[in-house]
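Following the numbering used here, the numbering of the sequence shown begins with 66 at its first residue and continues without gaps.
To be clear, the hints were calculated from the coordinates, so they are not data collected in a lab. Mixed in with the good hints, there may be bad ones.
Here are the simulated distance ranges between beta carbons [to be verified]:
1) M318 to E522: 28 to 36 Å
2) S210 to D494: 36 to 44 Å
3) K244 to E460: 37 to 45 Å
4) K489 to N319: 21 to 29 Å
5) E522 to F250: 16 to 24 Å
6) Q470 to D494: 41 to 49 Å
Just so you know, these numbers come straight off a predicted model, no measurement behind them. Backbone N, C-alpha and C define an ideal beta-carbon position, used for all residues, glycine too.
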Amino acid sequence: MNQINKFLLVFTVITIGCSQSLDEEVFDEVTSNNFFRNDNDAITAVNAIYTKLRGAGVRSTEEGQAWGLFAQGFGPWMLNQYVSDETWVTWALSFPSGDAGVLQNFTFTPFQAGGGIFYVYRDFYEGINIANNVILNVENNSDISQPVRDQVMGEALFGRGMFYYYLYNFYGKVPLVLKPTSDPFSLPSQASESELVESIASDLSRAGELLPVSYPLSDYGRFTKGAAYSLLARLYLNEKRWADAETAARMIMNDYTLSSGYSDIFAPDNNGNPEILFSVLSIAQTGLGNAFLAATAEPDQVTASWGGDRVYQAFYESFDPEDIRRELLTKSYISVFDSSQVILDDEDGALIMKYAVDENRIGPWAGNDIVVLRFTDVILVLAEALNEIHGPNQESIDLINWLRQRAFPGNPGKLLNLGDFSSKEELRDRILQERSWELYAEGYRREDLIRHGKFIERAKERGIDAGDHQVLYPIPQYYIDINPNLLQNPGY
C-alpha cells in the first residue's frame, strides 16, 4: 500500500496525526508555529489535498471517505457527463427533481442546485484553502529540504490550479482567493475571466516545472508533470489559445506513452499504467474504493451494484462495430440471479463497463484507481490545436491514428488519411467525434461540446428546453446570500 493510501486510512482534515511513515505525532491545534517544521510536516500537509479528492467532502460517511470530489458521486464527473450527449441515468426519469434529474433535464437553478452544483463549489474552495495554506508555509521555508519543498510546492500549486480550473469551467467568474483565510467577514468579489485564466495557467505552469514525470510505485498517485501540462493544454484549448495549447501539450509528448491495451487503463490493477497522468487511488475497502462500476452495472449483472448510468443508444451506434473501445459498452448480460440473458432495448441505451469487475472488492468498493487525466487527452488536444492553427495537416492525422491503431489492431484500413479532410471544419468535427469515442464517460464531454459550440444545440436535439446561459452553472444561492459581493451568472 503506497503512502497516499496509508494516509487516507488515518487522516482527517481536522486533526493531523501522521507523518509520511505513519509515526504518530498529534497536535491539539495545528498552526504554522508548531507545524511545517520539517519534510514530513510538509508532506503530511499536502496530503490533505489528496484526501479532499478522495473524500472528507461530499457526502462523507462515518465508514470513511466515501463520496469525495472524484469518487463516484456528486462531483465533476456528474456535472460534465449528465448534461452531455453521451451519458444519462435511468433514475433521473423517475426522479426528475433529484440531483441527477435536474442536470439531465437542464432544470438546475441557484436554489435547486442538484447533482453536486452546491457541493462542488463548496468543496473546491475548501481544497483551495488547503493548498493556499501549504503554499504560504512551504514556499520559503528553510526548515524543509529543497527537493521536498519543490515537490510539495508543485503538488499544492497543481491542486489549486486544478480546483480553479473546474470552478472556472463550471461557474465562470468566481472569487480568486490566493491566501488562506478563516475570516467569516472576508467577502471576496469575483475575478475577471482573464484574471482567473492567468492565475490557473501560472499555477499549472509552475507545477509542471517543479513536479517529476513519475514517482516510485510507493508514491504513485501523486500529481505529476504530465498532469500539470495536460490540464494547462486543455485550459488553453478551451480558451482557443491554440498556440499556447500546442506548446503546453508538446512539453510532455516525449515523457509518456499509451497503454498497450485500452481496457488495461481501467482494470483493477491499473495502478502504474503508463498512460495515466493522474488518478485517484482506490483500494477495495469500505469508503476508500472505486464505486463507478456499481453505478453503471445493473444489480442483477454485478452483485452490490445499483446501476443507472448508461450511454445513449445514438452514441453506442456511432461506433464502428470493430472498434475495441465499444467492447466496454454492452447491450446484454447474463443475470447473476437466474442465469437468464438480459437484452437492453434501444431506448435503454447501453451499459458502461469501462471499469472491470474487481474480484476483491468489498460491496461496491473496488480497487481500480479512478482515472482523471490520461495521455490520450494530450494527444487529441495537440491534434485539435494544430488543426486550428494550420488546417488539416499530417501531424494531426498521425496523432489521431496513433489512437486508432490501438482501437483497430491489425487493421490499417481503419486509419485516417489527410486527403479525407478538405477543410479545418471537417477535421474539427472529426476530432470532436474521436474524443468522444476515446474518452467517453470520463468527464470530458461537456467542455468539449462547449468549446465546439454544440453544447446547447445537442441538448435541444434531445428534446431538452436548454438556454444559452446554461453553458455555465448557477452559483449556489447560499453563497450569494452570505456574500453580497457575488453576482449571479446571467440567465439565472
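We went through each hint and held it up to the structure:
no.: 1; hint: M318 to E522: 28 to 36 Å; in the structure: holds, 33 Å
no.: 2; hint: S210 to D494: 36 to 44 Å; in the structure: violated, 51 Å
no.: 3; hint: K244 to E460: 37 to 45 Å; in the structure: holds, 43 Å
no.: 4; hint: K489 to N319: 21 to 29 Å; in the structure: holds, 27 Å
no.: 5; hint: E522 to F250: 16 to 24 Å; in the structure: violated, 44 Å
no.: 6; hint: Q470 to D494: 41 to 49 Å; in the structure: violated, 21 Å
Consistency with the previously given hints fails for numbers 2, 5, 6, ordered from lowest to highest.
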